[in-house]
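Asker: Need the complex rebuilt from these two chains, each delivered in its own frame; the hints are there to steer you.
In order, the protein sequences belong to chains Y and X.
Residue numbering for the first sequence follows my numbering, beginning at 1 and increasing consecutively.
Residue numbering for the second sequence follows my numbering, beginning at 366 and increasing consecutively.
Note that these hints are calculated values from the structure, not bench results.
Treat the hints with care, since some could be wrong.
Said to hold, decoys possible - Derived lysine to any residue pairs resembling SDA-like cross-links, with alpha carbons at most 20 Å apart: (1) Y:Lys-195 with X:Leu-497; (2) Y:Lys-195 with X:Lys-616; (3) Y:Lys-15 with X:Gln-449; (4) X:Lys-506 with Y:Glu-196; (5) X:Lys-378 with X:Glu-396; (6) Y:Lys-195 with X:Leu-457; (7) Y:Lys-331 with Y:Pro-209; (8) X:Lys-520 with Y:Leu-250.
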Amino acid sequence: MRLMAVVIKELIQLKRDPRSLVMIAMIPLIVMLLFGVGYGGGMGKISVAVVNLDKESLSWTVLDSIMKTPSVYVKAYANSIEEGRELVKNGIVSAAVVIPEGFTTELMRGASTQVLVIVDESITTISSTIRNAMLAVTYKFQQELVRSVQGSSVELIYSSVYGPKVTNLEAFTPLVIGIVLQLVPTSLISIAICKEKERGTFEQLIMSPISRFDIIFGKLLAFFIATIADMLITLMVAVWIFDVSMRGPLIDAMIISTLFLLGSLGLGMLISVLSKNQLQANQAAIFIFIPALLFSGALMPIEMLSPSARILANLTPMYYFVSAFRDIMIKGFGLWQITWQMFALLVYMALMMVSAPLVLRLRVD
Amino acid sequence: MEYAIEISGLTKKFGNFVAVDNLDLRVKVGEIFGFLGPNGAGKTTTIRMMCGLMRQTKGSIKIYGYSIPEERNELIKITGYMAQRFSLYEDLSVYENMEFFGKLYGLNGKNLENRILELLEFLDLKDVRRRLAGRLSGGMKQRLALGVALIHRPKLLVLDEPTAGVDPPIRRAFWEYLRGLNKEGTTILVTTHYMDEAENCDRIGLMNRGRLIAEGTPKELKRRVFGGDIVEVVLHGYVQEGTLEGVANLKELAYRDGDTVLRVVLKDASRELPALLRRIDGMGLKIISAEPINVTLEEVFIELVTGRIEKVAL
Ligand SMILES: Nc1ncnc2c1ncn2[C@@H]1O[C@H](COP(=O)(O)OP(=O)(O)O)[C@@H](O)[C@H]1O
Ligand SMILES: [Mg+2]
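Isolated chain X (complex conformation) (with noise of 0.2 Å):
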């Protein structure tokens, strides 16, 4: 299996306070992988240190196999980053910020030209590229910002809460742009604090006091975290909880309008659902309904931090 990013025993103390906490992380080359966390979780200082803006107090980092910060010169040729703050200059156009950072990367005349209108393109800036910076809104800012993290066309993006402050529309419209150039094979690390969001990437990562408290695929970590999957079936009538021991994996019971609501959880709704079922009406139980419940993030999130499962299996 080959890695875009593989980090090892990841460190970093501010005088006596750990910021990252022994960090261990692999990103596979092609994954958009999500970061996630409170404020103050680490993020921040685990992406700078990654691209060497920022020196580790202990840890190795290998980005593409160079590694961090002795190669930094080769991981910064294959990266496309964007900071957490708006980091262009705001009285230089559009335009004009983006051709400062191409020459930079060596790129000049017909070349250039073409690059930056393609990404205008894309981008759809092309109507504001003679527009100062500092004069475009909060969507058009996060555009501009990802098209110089572009312009090189990078294998890896890094991307440190691109979307934070944007409104929801605005905020889908970018993932959309993500997910566009991760079809197009870039590998993209992407940190956010929208627990929503994370369900655009292939894997996530959780973090929380300058650790990894969790890592996999959505689904994975919603099935690990709830050991399983969650189904929600509603009897007729009012049903003693006694009544279902054995029967059912329980993790509730209520009472709503007269009938009574479980919710079960299964290694596997799609295979298991049924069986249950059959279970449950075999003993003279009335089946309104069944269905999979949604589980969002922040609730996997939330069960993670207040410590009723301490560390799940990495």
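This is chain Y alone, in the form it adopts within the complex (with noise of 0.2 Å):
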């Protein structure tokens, strides 16, 4: 079977390729240990949102304070209260700080006003962090409204929520896994086609009987059967390592990450068809990682980017990923419950197995 010969030819290739093999083996470990060791063991900093309904000066003078704390960093702005308890909810930060309305006005008046601070109480250890640091900002802001405008305070109240207790490497992870799964299946394989014909093995290839869907099937399962290996690889890293509890089944877990993991080949395959030679098809697995990355809605909650922005994201396979593996492993869900991302992620798989071989022509001009 001409399929076969293809997969068989690829893999002893690979084998044969020092390059290709440390990509496959050393960029997961590397990937996943960098974030390992930047988030575990209980340091970094924590996520707060800030839910400033006030807007005008002197909340920006907390705003700058709390920024300027080093143990927490701001990694969401939401726009009611509502919205805050929720993030603080789905364990997307530790905590939100409400700036009320009429903040400033209040202040001016020499009258008092509340700051609420919702608390993520599952893990004591960053619930009390949050509170010593808020303590802090609020103190120093104290300190100087004091000298400006006589009489007036600023009181902290605490709201308790109770999160999935989430710890920050856990928060990571599915960013970490999807990360992986993007950059080394895709560079892997974009090169698959252009090195032929940069050296010119596609010219013979093509005098012999072999059909377009020979060709890129045929190399894009025997990529795969190279790169399963980065999705056991990661998820083993994830529970052993990391130590994160996956709450919901971990076979659905790794259906899910393998259906990323196609789709990933896929767009390798895809790009490779496109590029005239290998360094513009590496290039391009590069270029199409960043928005992947910015628009996966784990650097930045989805609900808080600008409209457009948000559409983009809705583009963005990466986003369904890191969300429905997220709802796997922190909420417990299977894959009845993410049918949505499902979905998603075998539309987008599918439309990239099939572009490649429509694409590709059996020519050498």
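Answerer: Okay, structure coming up:
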């Protein structure tokens, strides 16, 4: 069978190419370990969301001093108390700070006002860090305020929420797995066709009775066999080394990862068919990776993006993968509860798989 | 007459540049046809169009009756192809390369194995069958490429500069293989820019700047270009050029060591030479020697492209 002949040939070539082997085995480990060191062990900053209902001068001063606090960082902005509470509840941030409407006016009048802090109490070390940080912020703010306005004061009130008990490391795990499952397969396979064109082997290949489908799917299958290891490595590192607790079924996480991996391979294959040479293909693979990262929804919740950016995010496969994986890992969902993301990923995969053979021409001009 | 290749009005333009210009060509079944011409003449472009690897701008191509590019799938089954540049997988071994292409042609199991062993034997590659193709010498790479082209026992072999860049003894050996295959009935189209190799061909086409400027057997071509065979006659003493007016069709006259060296053109030397010598003898001139000159195709080509003869009848 011709397809199998291509699969075997590709696997032999992969086996003899040290660069590819390093890429398959080392990149996932390196990326995972970098994140592990950066966000593991209770180190790193705690994420907060800010709900600024005042938007007057003094509210910006408070916001500014929150940003300057070393132990926290502002990950998101929400427009209502409810939105802020949702973010905490879903484990996207560890706390939400609500600056009430009329905050500046009240203080200027010399009255006192309240800042609401919605804290995730599920991890005590994190909630106490937040409390300490907010105390420091308000104390410093008051010191400055008292100099100009007599009698005014800021009071902190807390509202407790029980989030899904997500460690920082866990919060990043879906993204890290997404990065590995896009970056490695896409760049690996992106040179598959243009390498043959560059080396001249394509000319001999297409003088044999081979079809476009044999070429494309033979290569896809071979690279799938090789990169399935990446899916296993990343999941194993996450579960055993990062110690993330997989609340949903592991098999479902594997299925969704496999789906995304296949999409990445299809994407890389499309890049390969369209590129003139290996350099161009490599650049395209990296270039496409950047928006995928930005719109993944993991660095910044998609709800916080501008409407146009939100549309882009909705077109980013990585966004669906990260959100699906998150739902399985943190909310304990099964596949039937993430059918929408599954569907989006299936469409993505199908599109990629179909377009590469349609674009490939069996000619040398 | 059955033709393996019939091309008419074939044209290829790259933008404004005409790489192949209104080319007509016929190759008979069972022939070795040599496609000659300097680099950039358009040989590779012609071959690529013939094999459906590149679309022609204009013109029709028929290979064993199949129209190209429409019936390319049929062409592939009967054609073995060797590209100008080595185009096998350098990171696969000799055996693996042959095995891969064999499988693409639908061979498998014992059949495939036997065919590969047969070819390795024929091409003297048995000892290096486990070596990576990238580590082979130039001559071995060329034989391996021929082996891959032959794996499915093609009726037609299309070889684009198979001997470029290898040493003359290896080139000669390679032509032995080609002649052997041809004897068994394989039609061969081969391009080269080594004019001396063309003597091995049944017929040749000379190509320059996208045009076929001459076509025929090597012998015919030489005769057409120079108007016949050339014979060198050495006469004793100094003979004036005018003396031989009307006696011989003189091409050149020179003096060497006190003797006169004539280059005479004869339609067919084997038949006309004795009569010529009798005429010269009859004039009282003393003939020291007389022998036909072996004109090289190189000279033919130069004669043609320097424009002394615009186009030889095709
Ligand atoms: N893909 C291409 N694009 C533009 N010009 C080309 C292309 N391929 C060949 N040529 C030009 O066409 C001419 C004929 O080239 P080629 O067929 O390779 O000649 P040959 O094989 O006889 O050396 C050359 O001048 C070459 O530069
Ligand atoms: Mg050429």
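Asker: None of the hints should be skipped; say for each whether it holds.
Answerer: Here is what the structure says about each hint:
For the hint linking Lys-195 of chain Y to Leu-497 of chain X, the alpha-carbon distance of about 18 Å falls within 20 Å, and the restraint holds. Simply put, Lys-195 of chain Y and Lys-616 of chain X have alpha-carbon atoms about 56 Å apart, too far for the 20 Å limit, and the pair is violated. Under the criterion of a C-alpha separation no larger than 20 Å, the hint pairing Lys-15 of chain Y with Gln-449 of chain X is inconsistent with the structure, at around 28 Å. With a C-alpha separation of about 18 Å, the suggested pair Lys-506 of chain X and Glu-196 of chain Y falls inside the 20 Å cut-off, and the hint holds.
The suggested pairing of Lys-378 of chain X with Glu-396 of chain X is violated, with an alpha-carbon distance near 29 Å, which exceeds 20 Å. Taking the CA atoms of Lys-195 of chain Y and Leu-457 of chain X, the gap is about 15 Å. The hint holds against a cut of 20 Å. Proximity of Lys-331 of chain Y to Pro-209 of chain Y is assessed by CA-CA distance (about 51 Å); at most 20 Å being required, the pair is judged violated. As the CA atoms of Lys-520 of chain X and Leu-250 of chain Y are separated by approximately 57 Å, the hinted pair breaks the 20 Å bound.
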